[in-house]
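Below, each chain spelled out in residue letters.
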Amino acid sequence: MLPEIGNLALAFALGMAVIQFIVPLVGLANNQWRLVLLAKPAAIAQFSFTTLSFVCLALSFYWNDFSVAYVANHSNRELPVIYRLGATWGGHEGSLLLWVFLLAAWTFAVTSLSKSLPAMTRSTVLAVLGGVSVGFLSFILFTSNPFDRLLPIYPLEGSDLNPLLQDPGMVFHPPLLYMGYVGFSVAFAFAIAALIEGRVDSLWARWVRPWTQAAWMFLTLGIAAGSWWAYYELGWGGWWFWDPVENASFMPWLIGTALLHSLAATEKRGVFKAWTTLLAISAFSFSLLGTFLVRSGVLTSVHAFANDPVRGTYILIFLLVIVGSSLALFAARGSKVSVTGWFNFLSREFLFLINNLILAVVTITVLLGTLYPIITELMSIEDMSVGEPYFDTVFTILMTPLIFLIGIGPIINWRSHKMSDLIKRTRWAFAASIILAFLQAFMAQDRSLVDQFQIFIGIFLVFWVIILNFSDWWKRSYRGKSLTGLFRRVSLSSMAMYTAHIGLAIVTIGVVLSSNLSIEKNVRFGVGDSHDVAGYEFRFDKMSEVSGPNYDALRGYFTVSQNGNDIAVLHPEKRQYRASGQQMTEAGIDSTLTRDLYVALGDQLPHSDDWAVRVYVKPYIYCLWLGSILMALGGLLAMMDKRYRKKNRIIKEDADE
Amino acid sequence: MMKPHRKRRLTFILFIVLGLGATTALVLFSLSSNINLFYQPLDIAQGKAPTNVLIRVGGLVVPGSVQRSDEDLNSRFQLTDNAECVWVSFNGILPDLFREGQGIVSLGKLQENGEFVASEVLAKHDENYMSKEVADAVKNAEAEAKARDKKEDLCSPK
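Chains as they are written, first to last, in my numbering: chain W, 2 to 658; chain C, 10 to 167.
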């Protein structure tokens, strides 16, 4: 019964989405306001039906209804309840339902938080979002229905969720990531509405900014959670592989970051209008491209599970229709969005321009590396892959000037700034950063010259950004001569900017030091043996058998000591899942701010009690997640700024931004 | 004399062109040095694969061919596409799903003596799933394998 309700609700949701999409646009064309105003109730109804459908699927998992094919393929009676919830989006059909559910949730948020919007703009935005919903709902109903039944003969036991996905990370990572992906649809819809109305101005930018910041915040958290999950779950200690699926989430993030900045310039100074709308269209197009790459099975990567040409073709056509029609609209109407204002070479506008150019170019290079193997394969030239060093080299070189500019971004005025003043204000920070970077590189004397050089550049940038952002924050807030002034005297927007920039600097610490100073050893380890890795003594105490709710495991006990003192006990596991018989490696990790100790079991070597063990010491890797959380916090602070909640009237520009 | 705003625009365009040019050069250079072509054992037997260049080789692990050292983490095994075989040596930890008969892809360099020294060995995280490359390799070599029809002594130990 429940699956039928879910299925029916999905069909009703599609009906509502069609109304939400078509009726307001027809009304707009014929000046019939009753029709235009139908957008809001239709959107609310669509959200309710989609939610009902999603709840039905989650309950089918909860009640182990294996007559539903999707449940039978992705769950099992022994699977803990929390992972059954995660399994709801653990496969192709369910993850698409999550996609469309979150899209409906964003749409609903637009209906309830946009009271200050003119009714016409709001209806157009909802209509565009409705159009996207129509595409995805029909995709689910016609090619990937999660409610398909296995009747009359259905299995008594499900075939289990992929063990890789049986992890708390699976419960949080996809919803966060999808919130980000899907969230860019709101900025996209606003851009389309603006192009239709032929109006892009400060007020428009002020409407779009909090939506973009919210989506960006979720995407930042989603990517960080995914990276953390890969780090401890895949068992080889890496946190970023330039895997096509990772790139698929990273490209919308890069474009989204560019959009955040160009929106700021559009709001404050009325520049880059056409470019901003183009970025809003691109950010969502990259989200769709990501969905296509992941969901069509064109990739051969760990993440790509689905493989069905009908699905791939459908998403590709949908992608082309959306991107094609919005670019055509942009080509036709983009020129109406005229540019006002001027700026000098040394001005905040110009820095934003450089920021946007670099981010766009980085996105294109990532796109190239991701699609190149697929294209050569399609044209059957050669079977090849693009190695990680390509991405590492290009990304690092392009990001270096960008991070340098983050240091001076907050200092520089709009319109123009005097070079002599800039030098005066940055010289001490420059000298201090150089000295600190030199010290850090000097401490890594045992490393190669290339590593030392990279550490030098990286640490210089880190201190440069942190010192300049923090001192600017301090300077602007210290008028009250009290520490609380740091938080009271600066607008939330500015505080958000400093937080996000400092967060990025902290991520950079993690990237630079963990890639250049990590010690990774693969060791043959016997019980009772000790090995010294980077000054830490790892001792293999014993091996014991343990049982989890749905797996049996061998658990290793490793004691780590430094200078004779025990500092950590690590418990890596080798698990065998009962339902599927699959093996999984669970790493044992001890984290502090300055280093992670990481042990993962390989396999037991034949004819002996010895184990192949990965023993890693990774300095400062914790900074990756810490910095990401700070960046996301920046996004949160930014959208909480008071001025987005003021009613529809012209607000005096803040002088300090 | 050029007007100031014209001059500014021109400088800006020059700046962009230079930047994009440098980036293109960088991308092309690093792309050309980081493309890892895929070869199958048949290609190697026919001398199509270059030596001492980072390439990827995929195939099925030949049953009974896996040799592991008693002292360290060195291992040797053969990969086959059912037509030809290649010896792979690897110093490191084999993936969870590495086992005889399983399709794997390894990244490394082919030596002059025909042995492949792997720096990475990858197996897909799914019991039933064979990587597309390995499946294609076996299919490509099907005709060749039939023509020879001498499976027994195909992968002689070395």
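If you're looking for bench data, these hints aren't it; they were derived computationally from the structure.
All of these numbers come straight from a predicted model, not from anything done at the bench.
Using N, Cα and C, we set each Cβ at its ideal position, and we do this for glycine too.
Be careful, since some hints might not be right.
Short derived list, chain C residues pointing at chain W, Cβ under 8 Å [as the list claims (entries may be wrong)]:
hint	residue
1	R15
2	L35
3	L40
4	A58
5	T60
6	N61
7	V62
8	R65
9	D81
10	F99
11	D105
12	V130
Below, computed lysine-lysine pairings styled on DSS-like, alpha-carbon distance capped at 25 Å [unchecked claim]:
hint	chain 1	residue 1	chain 2	residue 2
13	W	K419	C	K16
14	C	K12	W	K419
15	C	K16	C	K141
Some chain C residues well away from chain W (every beta-carbon gap over 10 Å; in silico) [claimed, not checked]:
hint	residue
16	T20
17	K118
18	E121
Does C/R65 pass the interface check with chain W, least Cβ-Cβ distance below 8 Å? This hint holds: C/R65 lies near chain W, its Cβ roughly 7 Å from the closest one there, short of 8 Å.
Interface hint for C/V130, Cβ within 8 Å of any Cβ on chain W: This hint is violated: C/V130 lies away from chain W, its Cβ roughly 11 Å from the closest one there, beyond 8 Å.
Reported absence of C/K118 from the contact zone with chain W (all CB gaps over 10 Å): 13 Å, holds
With the threshold set at 25 Å, check whether the alpha-carbon distance from W/K419 to C/K16 stays at or below it. Holds - the C-alpha atoms of C/K16 and W/K419 are around 19 Å apart, at most 25 Å.
Do the numbers back the hint for C/D81, that is, is its least Cβ distance to chain W under 8 Å? 6 Å, holds
Does the closest beta carbon of chain W sit nearer than 8 Å to the beta carbon of C/D105? Check passed: Cβ of C/D105 comes within 5 Å of chain W, closer than 8 Å.
Would you check whether C/A58 satisfies its interface hint, that is, whether its CB is within less than 8 Å of any CB in chain W? The hint is violated - C/A58 has no Cβ within 8 Å of chain W, the shortest such distance being about 12 Å.
Holds or violated: is there a CB of chain W closer than 8 Å to the CB of C/F99? It is violated, given that the least Cβ distance between C/F99 and chain W is near 11 Å, above 8 Å.
Would C/T20 pass as off the interface with chain W, using Cβ distances and a cut of 10 Å? It is violated; C/T20 is separated from chain W by about 8 Å at its closest Cβ, not greater than 10 Å.
Are C/K12 and W/K419 close enough, with their CA atoms no more than 25 Å apart? 21 Å, holds
Verify the interface restraint on C/N61: the C-beta must sit less than 8 Å from at least one C-beta of chain W. 16 Å, violated
Can you confirm whether the C-alpha distance between C/K16 and C/K141 stays at or below 25 Å? Given that 25 Å is the threshold and the Cα spacing comes to 55 Å, the pair is violated.
Checked against the numbered hints above, the structure violates hints 1, 4, 5, 6, 7, 10, 12, 15, 16; every other hint is satisfied.
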